[in-house]
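J.: Now for the letters of each chain:
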Amino acid sequence: MDSFLLQIFSGLANGSIYAALGLALVMIYQSTHHINFAQGEMATFATFIAWTLIERGVPYWLAFFLTVGIAFVGGLLVQRIFIKPVERAPVLNNVIVFVGLLVIFNAMSGWIFGQTVKAFNSPFPTTSLVLPQYISGHQLGSLGVTLGVLLVVFLFFKYTPIGLAMRAAAQNPDSASLVGIPVSWMLALGWGLASAIGAVAGIMMAPVVFLDPNMMGGILLYGFAAALLGGIDNPWGAVIGGFIVGVLENILGAYVIGTELKLSVALVLIVGTLTLMPNGLFGRKVVTRV
Amino acid sequence: MHFISTRLIWLVVLAGLFVLPFLLPNFRVFQINLMIVYAIAVLGLNILTGYAGQISLGHGAFYAIGAYAAAILMEHAGFSAYATLPVAAVVCFGAGVLMGFPALRLGGHYLALATFALAMAVPQLLKYKAIAPYTGGVQGIVLSKPNPPFEFRFLGAPLTEDRWLFFVTIAVALPLFLLASNLIKGRIGRAIVAIRDQPIAAGALGVNLAWVKTLTFGLSAAYTGIAGALGAVVIAFVAPDSFTSFLSISLLVGVVVGGLGSIWGALFGAAFIQFVPNVADEISKSAPWAVYGAILIALIYVAPGGVMGAFKKLKSGDAK
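As they're listed, the protein sequences go chains A and B.
Be aware that the first sequence starts at 1, since it is given in the numbering used here, and climbs by one per residue.
Be aware that the second sequence starts at 291, since it is given in the numbering used here, and climbs by one per residue.
Okay, chain A solo, but in the shape it has when bound (with noise of 0.2 Å):
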């Protein structure tokens, strides 16, 4: 039973990672049906940015803030130089464009900061204060940390007008530009959070798989899979997804399969969910006018 909770609590502590990653891509997807495939490597990317701040002496929440700020930035440049010239471009074009910046963001990583792996360090304590039989400190603490974001986005989009402007921009473009928001903007803005969020998402994965250029690979595919999962229109229905996935991976991988075959999982449960229920567990359905 021990061992089980302990599954449950360690998959729970993956799972937040999983649905910030998902919450991340589901923002995008809202407001411009495109699915960033370089969310992963723009993590990675910004998590390198975080690792070499603090190797430079920089306190830990200090480079955590600097960093996500740094994404915000780069995440709102990428929308506006790279991703803007193809809005309307064919669904085709789109996706190359995504995977050149994936390619790009890998490439920059190795290039810049080395393919060696590299620890990086956790700002929790090793043991957790609650429940320290079943949850490591680092776990309590990214737990808290992506909540805490999720809560911060939360009332982001509810309280303030500019979460008001957003949702109107995802929702209805056309009206929302007609009462004079700047709907390209909001998209932008929507691409800087995405990023920052993925940012996140980073750092608090990287004491657990180490930091290396390729680290957000099979997470970004536990992220697609946690969107899918809970719908890709819907943000909660990601978070909810995120956390299913998380424990799913770990039940599975501890009982069943073992840890061998972690991402032929994800892609089962991806395609399953795609061609099974294609509006996920908590999604709108879709009607396609002819």
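Read the hints as simulated data drawn from the structure, not as lab findings.
Don't take each hint at face value.
[Claimed, not checked] Reference listing, derived: stretches of chain B covered by chain A, where coverage requires no fewer than 3 residues with Cβ under 8 Å from a Cβ of chain A:
#	region
1	335 to 345
2	403 to 412
3	533 to 545
Think of the CB as a built atom: it goes at the ideal place given N, C-alpha and C, for glycine as much as any other residue.
The hints should help you fit chain B onto chain A, whose structure is shown.
T.: Same frame as chain A, now just chain B:
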């Protein structure tokens, strides 16, 4: 007149192909062999992405399946290298049809996502312990190149294994290219393109959407699988880490560089993914990928038609 000139061009091309491997050092011949292999794979992906409009970021998986099918058949079942090709084609056709079923329901981004997941999962799957006795696990399988059937010297250069394989790859690639070209020009090709451009209208005109889409996926996977098998023969080695998701991305780069929706563009695309990384590699280990990414994005902005698209533009410009 026109007839004679095309025939002449073909003759010159064939003669050139015969002489070429004897003019180059063995290592260059090996690189060209690989380029031809990639050309077949790129063509396979282009049938699906360029003509049928279905995005696959996972064709490296079919390439890997073809390569492993060939390697396992040679290592454990005593197949000759040539006999593995049709088997790899059939196996990959089956795998493609299986992947094609979900693809029927998924359009655009979702299909890209599902195939991306496939590409990510395959290397890990190939390392899986339970099948390691067949796949060789992380180490992979070391093969030996087929010997040339006869001794031969030309221009002072012997017919080595690689030079022999050059003729083998050409003999496989040429019929596949002609087949694809005829298929696309014919009734089926028009149905495929119709589904890409106007799925609803195509359905209303009696094109069986489900069948055509699934079979296109299977055909595309079969082409890429043959390329994989041929690649295993040419390199004489397969290992899980040669088939990462970046292989799938390379193939996509090849398609975009050569030109989406063009048959012979695959040659330019393959030349690009075979030779540009070698040049960029000298700058930094990560440089080839940075160059790939930059070129992908730049092409989409500037010349979405790739090399063949640029040719067409030049041609129509001359006509005016």
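J.: Give a verdict on every hint.
T.: Consistency of the hints with the structure:
With a cut-off of 8 Å between beta carbons, the region 335 to 345 of chain B has 3 residues touching chain A; three or more are needed, and the interface restraint holds. Counting residues of the region 403 to 412 of chain B whose C-beta lies closer than 8 Å to any C-beta of chain A gives 7; at least three are required, and the coverage claim holds. Taking a C-beta to C-beta cut-off of 8 Å, the region 533 to 545 of chain B contributes 4 residues in contact with chain A, enough for the three needed, and the coverage statement holds.
Hint compliance for this structure: every hint is met.
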